[in-house]
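Below, each chain spelled out in residue letters.
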Amino acid sequence: MKTLKSLVRRALIPTLAVITALLCGGIVIILTDFENLSKIGTDPLAGIGGAVGGVLSGYGAMIAGAFGDPARILTALQGGTEREIATAIRPLTETLVAATPLIFVGLAVAISFRTGMFNIGGDGQLIVGALGATTVAIAFQNSGVPMLVILVLSIVAGALSGAFWGFIPGFLKARTGAHEVITTIMLNYIAAQVVLFALRGEFLRNPGAGGQPISKVMTSWVDVPSIITLPAIRLDYGFVAALLMAGVASWLLFRTTKGFELRAAGFNLTAARYAGMSAGGSMMLGMALSGGLAGMGGGFMVIGTVGQLSNDLSGGIGFNAIALALLAGLRPSGVVMAALLFGALTTGGKVMGIESGIPFDLLFFIMAMVIMFVAAPGLIRSIWRVKVAGPAPEVASITPTAPAEPV
Amino acid sequence: MRLELRDISKRFPGVLANDKISISADKGEVLGMLGENGAGKTTLMNILSGLYKADSGEILIDGELKTFRDPAAAIDAGIGMVHQHFMLVPVFDVVEAVALGAETVSGPLGTFDRGAARKRIVELSEQYKLNVNPDAKIESLPVGVRQRVEILKALYRKSDILVLDEPSAVLTPSETEELFGIIRSLAATGTTIIFITHKLNEVIKVADKIVVLRRGRVAGSADPKTTTRQELANLMVGRDVELIVPKGPAKPGEVVLSIKDLFVRDDRLEMAVKGLDLEVRAGEIVAIAGVQGNGQTELVESITGLRPTDSGVISIGGQTLDRATPRQVSDMGVAHIPEDRGRDGLINFMTVAENYILNTYHREPYSSRGMLDLKKINERAAQGVKDFDIRTPSINTLAIALSGGNQQKVVVAREFSGPVQLVIAAQPTRGLDVGSIEYIHRRIVEQRDAGAAILIISTELDEVLAVGDRIAVMFDGRIVGTLTDDDATYENLGLLMGGAVFGDGAAA
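Protein sequences, first through last, are from chains B and H.
Each residue of the first sequence is one higher than the last, beginning at 1 in the working numbering.
Each residue of the second sequence is one higher than the last, beginning at 1001 in the working numbering.
If you are wondering where the hints come from, they were derived from the structure by calculation, not from laboratory data.
A virtual CB, placed ideally from N, CA and C, is assigned to each residue, including glycine.
Hints should not be assumed to be uniformly reliable.
In silico BS3-like pairs for lysine-lysine, Cα to Cα no more than 27 Å straight-line [unchecked claim]:
id, chain 1, residue 1, chain 2, residue 2
1, H, Lys1027, B, Lys258
2, H, Lys1020, B, Lys387
3, B, Lys258, H, Lys1375
If you anchor each label on the Cβ, the simulated ranges turn out as follows [stated by the list, open to error]:
id, chain 1, residue 1, chain 2, residue 2, range
4, B, Ala368, H, Leu1051, 28 to 36 Å
5, B, Ala368, H, Leu1100, 28 to 36 Å
6, H, Arg1184, B, Val386, 48 to 56 Å
7, H, Leu1100, B, Leu244, 50 to 58 Å
8, B, Thr42, H, Ser1056, 49 to 57 Å
9, B, Gly247, H, Lys1375, 47 to 55 Å
10, B, Thr229, H, Lys1375, 41 to 49 Å
11, B, Val181, H, Gly1370, 26 to 34 Å
12, B, Gly280, H, Ser1056, 19 to 27 Å
Just chain B, with the same shape it has in the complex (with noise of 0.2 Å):
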């Protein structure tokens, strides 16, 4: 019951910061529909209706590409054909496919802003990632080794690769104190160019391409298995590693004692070491394994979903996983459910651009306000009158609350 009760206060404000959000959005679809505007001074009543019913089927076009038509998903799975179910749960499925690499990069930034490093460099880690995952991959092509070793070592790969990408930051801060922000940006930039090149080169680079930065197709030897094998459904076990991540992640930072460590050092660096912790040692493991699960992001998406590198795999994952990580409050959980959010608003305004008109550029003014009201909690307690509980000091929203209770 407890448990119940903190879980409800602490998705209050994200959920009331969605909901605002949405409005906000909703007000701009109405500022935006000049049609229905114009009618105004002839006919208000039908000028209003008009553009506010223009954004109820914008909205309702959205939730039907993020989530699928739950009548017509039930129809299919009774007795519907295979093509006939596919099309069905797609939109659900595609949610899940956006939001997987949202979650394991989210998670790696939450984990590396427990250690009070700013991971910025996400995007850099998880193409790295790719890469590495890319080489091994291609490296065994006609080895006749069995396909599920080769995603294994795959995999591995690709979170060694993005980890190495991650320690760097995190050893210059410890050894020379080089601020991590400025020195994850630097490697975003690094690790595009190492990618380009190395897609350049006859090993990696796809024949069929012309010019193309693109690798070779591996799916024919190596790929993540589906969880649904049907037509056009790209859902697969990528997405319950991510969920698996989210767990080992929780655990790691409240059962273990180098969870512990990394949380003191994020919090309070001088008392870490009062208390006779390693504070370098913290930061470099902290940004090691935030740049390790993004790395196996990167690899799943290239071995999965993608089944090729290319130079712009990551598309922004990673300033989006800054974004989600906040909202999440920085727990694994709350991680899940912010990535399974934005992997709905990108399907599904996709799905609203091309049905209603709404340009899909108005799904990134709805995450930039979802994530302005998150971090001003202080809002959106005002704009829907919740009382705060208690005398509690003011706590932004990314410090957690009870951390000893794993989440």
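Go by the hints and put chain H onto chain B.
Chain H in isolation, oriented as in the chain B frame:
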């Protein structure tokens, strides 16, 4: 102006912070407001300064009913606040800092009339003997002077009622004396002063009238001419308190901590400890007195393994420390109560339970093979909370939510949770109220009687005299004298702290 607060009540969720508090102060009167942390002093003052609105009650100035919508309204009504934490822009000079927000402007563009502001500031500074250089940069000023700048700020805004919130918390003894002089001269010229503190000596010395708050109510009032520290302390805490914890004579045993010819550098690599010799025996409390910044911090950090030594030998229980890490020192049974608990002793955003195991989490029974045993941790932490009477809603409450006294109890509970052969306590009662000070001292004396060697480093003479079996005075990186029993007086300590040479340690 005469200030009167009538039946002020203020409720926060779950706490009645002020319960029908009535106080008054006449023109030119110094009202000392005494109370433990959490007694409601700060809430009351925030209501007076317009920061909070009272749920009920009235504020009267010269008999006229006032309501303050915001701090600006309170300032307009002549109420000036000097906060415990100064509100000054470090890169401004004194004129700019004082005038900020109340600038005199001139010309069509409304440019800041620095000359006029400076003139008034110089006048005020002379009138009240504040002795502030108007052109000095704030960041270059010592703490005591910064406080005077805050007072100037209030006077500049024509405050007739001045509220000083724990003004001496950051001052050295001599700066405090100067402050009292200023308070006296302000009062003499008709300023009404409310002096908030939890230090008994101070109210007795400076106030015309004393009000004691306890748990949101007026617990009583006293006349400083006739009252005693004991009476005030009892009023504050609500029971009979021992201002000086009773202890029997020390029974010194083996030497536990031995320091020979120690040299240690500070952060700027200047020599801070310069050839220090010290011995602390089992079963005795050695108190190091001294003005802050005479190498005490560096001494403590070198003993506890946090700072490398330049030369010299430190040994604990016969074992010589050679580049020992903080963990190795702690594992030898050294309890360390750091001087800044918020920064060094606790992790504010971790729970009481987590703070309780902060330096033992890696050992049995709290963990094995890298896995925390949450059940054991919670069990032991709950026991610690009980044993040390830590007032906290639960062991899963964040440390930052506790009062200063309870935070310090968490630190002490943790440090005393294992076998202890040496206690290093730096400023163990800084900022704590009477009840907590009594408690912490009692626990330290208990450790002594159980056979531990205790080293206390304190800038509070009262503390040094109350608990020390031997008192060593540190000045300029050395021990300049050691006092026992009859020699240990305020006068002798004061002399030594200023650098005079006296007693047996003078050879160093």
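Structure-based check of all given hints:
1. H:Lys1027 with B:Lys258: Between H:Lys1027 and B:Lys258 the Cα gap is close to 61 Å, so the pair fails against 27 Å, i.e. violated.
2. H:Lys1020 with B:Lys387: holds, 25 Å
3. B:Lys258 with H:Lys1375: holds, 18 Å
4. B:Ala368 with H:Leu1051: 28 to 36 Å: holds, 33 Å
5. B:Ala368 with H:Leu1100: 28 to 36 Å: holds, 35 Å
6. H:Arg1184 with B:Val386: 48 to 56 Å: Roughly 49 Å apart at Cβ, these two residues keep to the hinted range, so it holds.
7. H:Leu1100 with B:Leu244: 50 to 58 Å: Holds: the Cβ-Cβ distance is about 56 Å, inside 50 to 58 Å.
8. B:Thr42 with H:Ser1056: 49 to 57 Å: Check passed, 56 Å falls within 49 to 57 Å.
9. B:Gly247 with H:Lys1375: 47 to 55 Å: violated, 20 Å
10. B:Thr229 with H:Lys1375: 41 to 49 Å: holds, 44 Å
11. B:Val181 with H:Gly1370: 26 to 34 Å: Once the Cβ atoms are compared, 30 Å apart, the range 26 to 34 Å for H:Gly1370 and B:Val181 holds.
12. B:Gly280 with H:Ser1056: 19 to 27 Å: The hinted range 19 to 27 Å is violated for B:Gly280 and H:Ser1056, with Cβ atoms some 56 Å apart.
The structure shown violates the earlier hints numbered 1, 9 and 12.
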